[in-house]
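Participant: These protein sequences, in sequence, are chains D and U. So for the first sequence, the numbering used here puts the first residue at 664; every next one is plus one. So for the second sequence, the numbering used here puts the first residue at 42; every next one is plus one.
I should point out that these hints are in silico values taken from the structure, not numbers from a laboratory. Relax, there's no trap hidden among the hints.
Quick look at which bits of chain D chain U covers, simulated, 3 or more residues with Cβ under 8 Å:
#, region
1, 709-722
2, 779-787
So the derived list for chain U, only partly shown, Cβ under 8 Å to chain D, looks like this:
#, residue
3, Tyr63
4, Arg81
5, Val104
6, Arg107
7, Arg138
We put the CB at the ideal spot given by N, CA and C, even for glycine.
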Amino acid sequence: MSDVIRVAHGQTPWQPYGSEVIEVFNFYDQPLMGIIRQDGCLYLFDCLYGHVEGLSLWLYSLIQESDAQELANASADEFDHIRGRLHASERGVMAIAIDDVGIVANGLVENVPESISEVVGILVDEYLEIVRRMGIHQREARELEDSDKSQLVPAGS
Amino acid sequence: MAETTPLVPIRALRRDEIVTQYGAVTRAGGEVGAFRKCPRPSDHDGLSAMVGRYTAEEASLLVRGRPSGTPEDDRVRYSTVARLHDQGFVVTHKPSRKNPNHILVTHSRHGVVWPKDLEETFRMCFDVTVEGGG
Numbered sequence: 664m665s666d667v668i669r670v671a672h673g674q675t676p677w678q679p680y681g682s683e684v685i686e687v688f689n690f691y692d693q694p695l696m697g698i699i700r701q702d703g704c705l706y707l708f709d710c711l712y713g714h715v716e717g718l719s720l721w722l723y724s725l726i727q728e729s730d731a732q733e734l735a736n737a738s739a740d741e742f743d744h745i746r747g748r749l750h751a752s753e754r755g756v757m758a759i760a761i762d763d764v765g766i767v768a769n770g771l772v773e774n775v776p777e778s779i780s781e782v783v784g785i786l787v788d789e790y791l792e793i794v795r796r797m798g799i800h801q802r803e804a805r806e807l808e809d810s811d812k813s814q815l816v817p818a819g820s
Numbered sequence: 042m043a044e045t046t047p048l049v050p051i052r053a054l055r056r057d058e059i060v061t062q063y064g065a066v067t068r069a070g071g072e073v074g075a076f077r078k079c080p081r082p083s084d085h086d087g088l089s090a091m092v093g094r095y096t097a098e099e100a101s102l103l104v105r106g107r108p109s110g111t112p113e114d115d116r117v118r119y120s121t122v123a124r125l126h127d128q129g130f131v132v133t134h135k136p137s138r139k140n141p142n143h144i145l146v147t148h149s150r151h152g153v154v155w156p157k158d159l160e161e162t163f164r165m166c167f168d169v170t171v172e173g174g175g
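Given the sequences, and given the hints that come with them, work out the whole structure.
Facilitator: Here it is in structure tokens:
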């Protein structure tokens with residue numbers, strides 16, 4: 664019995680180390696949120712980013728049988744609140760996965776806040792926006808450079 | 042897929058119903074195609090889409106559970122149950138708790154292991170891609 668899930672390089676993010684998928688709450692091309700059982704313990708797994716992207720970020724939290732029942736019986740309005748409360752714990756595990764490769768990195772997270780999914784979502788969005796702007800700036804700089812070169816008059820002409 | 046407890050019952054799909062596939066371009070590591078072309082090798086269930094016509098913003102809410110932080114990267118494209126059926130694809134309503142209009146696409150002959158030419162056949166079932174963030 665362990666309060667943190669065991670995950671390792673190359674494993675499927677929604678089914679690490681011989682775990683059994685008990686319930687799937689969200690699915691798009693793969694299970695994105697649900698409950699798995701490993702070594703007799705239940706864990707809530709949750710894709711926080713990368714639902715349709717090649718790179719994804721996952722959170723795993725230990726839950727009890729009663730928590731699983733509560734989630735299964737929750738109304739649409741209650742569901743996300745319960746999900747956040749279950750993620751709020753002393754220790755959780757986060758992992759990065761790459762499409763068709765599996766988990767490539769993971770780490771222990773202590774004192775996980777109830778707002779973890781929102782916080783991670785905001786940070787990832789900010790990161791991607793910066794990457795996007797950098798891409799635009801680099802493209803514009805290349806175009807400007809190409810334009811300057813085309814206006815050069817060959818020496819001796 | 043393991044058993045799930047959807048909030049809506051599974052239903053038969055009509056041929057004239059619109060199918061929306063949602064995807065996003067990935068900028069980290071270079072821009073790549075927005076849409077999944079075939080089921081994952083590890084996937085025994087099929088390729089996901091949604092029954093009904095959704096904007097990229099609406100599709101993001103259904104799949105991610107929140108608005109996309111980079112809506113200009115989001116994409117949707119549309120087909121119909123009939124167009125997919127006529128090319129041998131099997132379209133099944135498979136609602137989840139978070140996405141009542143989720144559907145799975147498999148192929149009547151190839152199941153979830155699609156040869157390259159079938160990926161192209163699948164792509165041809167869809168109309169022009171619509172970008173998000175507009």
